[in-house]
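Enquirer: In order, the protein sequence lines correspond to chains A, B, C and D. Sequential numbering from 1 applies to the first sequence in this note's numbering. Sequential numbering from 1 applies to the second sequence in this note's numbering. Sequential numbering from 1 applies to the third sequence in this note's numbering. Sequential numbering from 1 applies to the fourth sequence in this note's numbering.
Hint data in this document are derived by calculation from the structure and do not stem from the laboratory. Hints are supplied without guarantee of correctness; some may be wrong.
Unchecked claim - Sample of chain B residues at the chain A side, in silico, Cβ under 10 Å:
(1) Lys34
(2) Phe136
(3) Asp197
(4) Gly211
(5) His212
(6) Val281
(7) Ser289
Said to hold, decoys possible - To be clear about the criterion: a stretch of chain D counts as covered by chain A if any three or more of its residues have a C-beta under 8 Å from a C-beta of chain A, and this derived list gives those stretches:
(8) 90-104
(9) 306-313
(10) 372-384
Every residue, glycine too, gets a C-beta built ideally from N, C-alpha and C.
There are 4 protein chains.
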Amino acid sequence: MDFSIRPELQAKLAAMREFINAELIPIEHSLSQKTWEEVAAEAAPLREKVKAKRWWAPNLPPEIGGTEASVLELGLISEQCGRTPLGHYVFGCQAPDAGNAELLFKHGSDEIKQQYLLPMARGEIRSCFSMTEPEFAGSNPVRLGTTAVLEGDEYVIDGRKWFTSSYDGSAFIILMAVTEPDAAPHARASMILVPSDAPGVEFVRNVSVMGHAGGGYASHAELRYTNVRVPASNLLGPPGGGFMLAQERLGPGRIHHCMRWLGICDRAFEMMLERAGTREVAEGKLLGSKQLVQAMIAESRAEIDAARLLVLHAAWSIDNEGFKDARAKVSAIKFHAANVLQNVVDRAIQLHGALGMTDDTVLSYWYREERAARIYDGPDEVHKVSLARQLLKPWFDKG
Amino acid sequence: MDFSIRPELQAKLAAMREFINAELIPIEHSLSQKTWEEVAAEAAPLREKVKAKRWWAPNLPPEIGGTEASVLELGLISEQCGRTPLGHYVFGCQAPDAGNAELLFKHGSDEIKQQYLLPMARGEIRSCFSMTEPEFAGSNPVRLGTTAVLEGDEYVIDGRKWFTSSYDGSAFIILMAVTEPDAAPHARASMILVPSDAPGVEFVRNVSVMGHAGGGYASHAELRYTNVRVPASNLLGPPGGGFMLAQERLGPGRIHHCMRWLGICDRAFEMMLERAGTREVAEGKLLGSKQLVQAMIAESRAEIDAARLLVLHAAWSIDNEGFKDARAKVSAIKFHAANVLQNVVDRAIQLHGALGMTDDTVLSYWYREERAARIYDGPDEVHKVSLARQLLKPWFDKG
Amino acid sequence: MDFSIRPELQAKLAAMREFINAELIPIEHSLSQKTWEEVAAEAAPLREKVKAKRWWAPNLPPEIGGTEASVLELGLISEQCGRTPLGHYVFGCQAPDAGNAELLFKHGSDEIKQQYLLPMARGEIRSCFSMTEPEFAGSNPVRLGTTAVLEGDEYVIDGRKWFTSSYDGSAFIILMAVTEPDAAPHARASMILVPSDAPGVEFVRNVSVMGHAGGGYASHAELRYTNVRVPASNLLGPPGGGFMLAQERLGPGRIHHCMRWLGICDRAFEMMLERAGTREVAEGKLLGSKQLVQAMIAESRAEIDAARLLVLHAAWSIDNEGFKDARAKVSAIKFHAANVLQNVVDRAIQLHGALGMTDDTVLSYWYREERAARIYDGPDEVHKVSLARQLLKPWFDKG
Amino acid sequence: MDFSIRPELQAKLAAMREFINAELIPIEHSLSQKTWEEVAAEAAPLREKVKAKRWWAPNLPPEIGGTEASVLELGLISEQCGRTPLGHYVFGCQAPDAGNAELLFKHGSDEIKQQYLLPMARGEIRSCFSMTEPEFAGSNPVRLGTTAVLEGDEYVIDGRKWFTSSYDGSAFIILMAVTEPDAAPHARASMILVPSDAPGVEFVRNVSVMGHAGGGYASHAELRYTNVRVPASNLLGPPGGGFMLAQERLGPGRIHHCMRWLGICDRAFEMMLERAGTREVAEGKLLGSKQLVQAMIAESRAEIDAARLLVLHAAWSIDNEGFKDARAKVSAIKFHAANVLQNVVDRAIQLHGALGMTDDTVLSYWYREERAARIYDGPDEVHKVSLARQLLKPWFDKG
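The following block holds chain A by itself, in its conformation from the complex (with noise of 0.2 Å):
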């Protein structure tokens, strides 16, 4: 075992550290203080320094403009960007596009390459991921309304999706929808390619979202698809291939979360740790002298950096086993380290005071839009139930 990270990388992800530090925590109430427009406008220089530095894409392979990185290289460059909210965009490697730039280049047809991935790859155009149904729980994503119905060689899609996050201002849209309904429940759905604007693609409003609607890449939209016509190549993968394509996706996909969590717990500690040791409670008296505050402190040191070595051992074990034996390990990351996150993020809050309340801080942003990190991707209780069942199948399949 060696739990050292070797020099060169070591030093490029300190010099993305300084480079964050210096350049995007200062513009980081912009998000929760500016319309979209003006956000991306203050981005673009930072992305094309990000590119300048050969950071660009980390996600990506070299080919389409990415400096691709192991998984769990990405999950520690995911850490960093994690340290503000626009980290992963100005670095190119933000949900959804960064997941969806992977499906396009390992499904797409040449021509979808050349319209969709390049453009994406290179930050010119965004995109996003059509899934999660209101009528249906998201807890079991194999239940869809939406149906995708081959007549001649165009797909028909009729259905009602929320949550698809960033739709607003973006170029194409990923959806998942029923092309088999007589397949076994994993089979039924498929991934195709949908222009955002084609033609029956009803945009019914961002959904307000902890108090916010937000507008273009900080959104998510309800939409309602009627009788939307796609070509049959904008399928990608097999027909009923959704969730195999998803599953795909999903180990890197997890990986770059749970660091972006830990990326926002280490800075949260930061600042706890700045509050603790500047704020006078009494005359002479620091913050941190009290009992209370040092073992918010204390456990939040321990629980980060066991949920981020846990974390960075599922990222491993993807590199060195690949995904299927690594499948328990992301399972458990996925609900452990969202449940870190909420402690430490209410800790800093709480230490913070009124301070923590006001959006003089980015924690409370944290507060409220992580909350989601509990709930998207499967909630906690379905992990929970997941990885348990994995871990007694060998005795289940005994009985």
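Once you have looked at the hints, place chains B, C and D on chain A.
Expert: Chains B, C and D alone, transformed into the frame defined by chain A:
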């Protein structure tokens, strides 16, 4: 011991609940979607209905237009009002006006009563309470930087405050400022009434809290006081009596808030049941059939009921034994109930999945706004330390 | 609502407390250091004193020598008795005799009453309750392997039981066995009185529990029933009525246990205060001056008081609304109070440091023995599921 | 980063596991059912087998008969040994002999090495460590009442100790006593070797801990030292160097214990899976099919794995960066791992129901004995405060 509520009160509470369900809950989304002026206009006829039903201002004596109730009854009414964010406002017992009116009633000159108390008791004007300062830890209320120096028959006020909630649109401020800098720490500050538009009162901003700066009643102002002059007769209570007056308000104010939180819990729990009892997670399989959901429901029920009895017991103690004897009980309810509130709202969101993150239900509003419950009026940590010290006092005194 | 306890009862409880402090607590170590015979000999004169004070058997009607109290009063008495492990035994209301006596009183034949109930009510003989089976999950009590087949006017019993607590030295067993194998699951088992020395009742062992097999009253027998024959008239209640009878006992029995646990909490809390208030951690610095200790004290106080009110409310409901209406309340208290118990005892041990691990205080006894509180009479998980189902029933019924 | 364990070590650990499963686990009940003499007799041939396999004393250098391993490897071995209570004893690396041998090796005179170290390293004699005092809080180790006064070439020792674990049957004591009363607090105490049968060493009792006074190795003595005289050359290290020596032992000792606890977790988790995978709760329905059981399993898996990586990382840091740099990591693992241990064992008991309370499984032994993990070597609270202070030091130093 008798846990029954007397039939007339029971009936009154039931009628209030029905009214709140029928008239207030349907418009509760206004608070996050409209300006305060629009909300106030919507609320105005409802306030008239409340007056007509003789429910108005249950915390105030009849001679100034209230429908005075015991602390226990007030708690039960606060619970009903708490079921929707506008409840207390429509019933004329919203913080900080409720407590401020009690202060003016007890400590205001006749002139102050005429000019401020009576119109406020009628709901015509609003007020605010200006105590918290950004530079000093709210957890240690005896440290204040704002001063009021007596010059002739005027107080001259200088200082900086924030979280002067509802300043925006208010008629007057009750300000906490140091008037006796050389006294013992707890006898330094006084309460002084300051007209909101007095020269030198500078409105810096409505602090953005959990994503919103808000406005009108629903706002938290940052203020700068520069050479503000008010007549010495605007002093409430004795010089240096600020904390004594604050203490007086404390018991009933604490019950008010705790029962408001339990009203939120009551509603959130109702929503949990409805969601679990109607949402399908698979063909013919309700969310509520899942053990992990059942556990959230059962734990919430037990925690809410236990906390509710704890708060009602404290209220009963104030009514029957006086605040001094009830003091330890009042310390206990603050942190205990605030934590139950946070847990229950969090579970309710988890049960609602993606919907819980949206503003399509009131849950996300409470999740954001009520995080403050563990901070204002003293953070959890301060109350725990205070309660323990009261309980250990007999031992410490021996030592 | 009236939280006061009427003065005579208050006085009686105070007198009981004083008696328990003065006479029982000083000998509480006997239980872990002496044989049951020695303990029983020590307890005998104390039981006489309790009788002389007219406190004996508060759960039994006067006609058989008890001092019958309401469920609420019984709860308050149980709380006092719970402050030391021998309390209930000395007061003649120890499980399982207390519940067994109630069963015989309601459902026993005159002969059974003469032979078993009266001497037990006088404290001359002891009994046990034989239900749990090693091969079947106790969480699902309708599954039993032990059968009682009616042959002529005798039941012939075969099966295996464990956790037949206090069998050792008992005069009779109340046995739960399947008599109606073809009935609906809840109507299969009956309660039958079996003399402890009936031929075919084989004492396998006193199961070693948490390090001790114990003996006499303080033991948990494993038994094998082989062709045990008892008169059909030993049946208690109707054939197949076992669960109905168990249900009858349930409410008061639950209050008994929960208040016993709260008596333990009361004592453990008292010990926490004394320890924190006297133990020096540095020159002139008491343990209780530490915030982390203060937090344990404050949280314990709030949790104990809240749980206590929850249980007393359930008791009051049984008295005033009947067990059926109180059923959800009774489900809630079981898991809620058991968890408070575990937390409080755990914190008390932590506060006592190394001393808490020793048998020099009673804490380690409770830590070991009362871990069972979250398991017997249905584990937490079963009660949570049961409570949630009761609460969700109106929704499920609609569906 | 490389999370793999090198193949030879992997193979060795697997062989140890197999040996422990085959030979040690079958006799683990002896510890609670037999005298120490009987247990020791059973263990003796197993210790010979361990020697034959060249696994003996992995913490000691080869020149005194050990099979020296790095801190990380020692941790992994300790994890295997931890799977059964006798593991470390059979492998010759049980506390306190393991740490005492390291002390003698580094700081003992040649004579001491001949007389005490070599036979102990061979497993022929045992030792103990005498530090904790009943009158002084163990959480503040610099306060000691026991003194050793140099008179001529002898130390004269007076004082009272308890929790001198394994004194019963030992050959020698390493005693912590104040030799330099006028030095700074951390430089007052020294370590002195005292023969267990030295005149004046009075064995007061084996303290009854969690229900058992135990005996031999499995005991915790209370001792009184009255005018005990030992040669000045029995001093280990420099006068006043007691804490420095203790500090030296700290890192590896902490890893030893934490990994032992994780070995317990590993076994308890294995038992949870087996129980959940085989116990029927209803006809054809396994315990493991219940969501609340699945959650216990999933949470345990994630917590164990995360804590394990945290501890291994700390071990790796000691090996690669030295103890000083690893100090904060070592503080974090103590409380973090001890709490995971308590949670996992508690859940394992809950899953086993009534069986979990019995001594038919090893779980109740660990539940009792390992409660001490959160107390000895500094309670949780002390470690949290210590970790926070280390982390806040840069800020405090600035202030």
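Enquirer: For every hint, state whether the structure bears it out.
Expert: Each hint tested on the structure:
Hint status for lysine 34 (chain B) relative to chain A: violated, with the closest Cβ pair at about 13 Å, above 10 Å. Because the smallest distance between the Cβ of phenylalanine 136 (chain B) and any Cβ of chain A comes to about 8 Å, under 10 Å, the interface hint for this residue holds. Taken as an interface hint, aspartate 197 (chain B) does not check out: its beta carbon lies about 25 Å from the nearest beta carbon of chain A, beyond 10 Å. About 4 Å separates the beta-carbon of glycine 211 (chain B) from the nearest beta-carbon of chain A, less than 10 Å, and the hint is met.
This hint holds: histidine 212 (chain B) has a C-beta 6 Å from the nearest C-beta of chain A, less than the 10 Å allowed. Restraint check, valine 281 (chain B) versus chain A: the minimum CB separation of about 5 Å is within 10 Å; hint holds. For serine 289 (chain B), the interface hint is violated, the least distance from its beta-carbon to any beta-carbon of chain A being 12 Å, above 10 Å. Against chain A, the segment 90-104 of chain D contributes 0 residues with a C-beta closer than 8 Å to a partner C-beta. That does not satisfy the three-residue criterion, and the hint is violated.
Note: the segment 306-313 of chain D has 6 residues with beta-carbon separation from chain A under 8 Å; the three-residue rule is met and the coverage holds. Remark: the segment 372-384 of chain D is confirmed as covered by chain A, as 3 of its residues place a Cβ nearer than 8 Å to a Cβ of that chain, reaching the required three.
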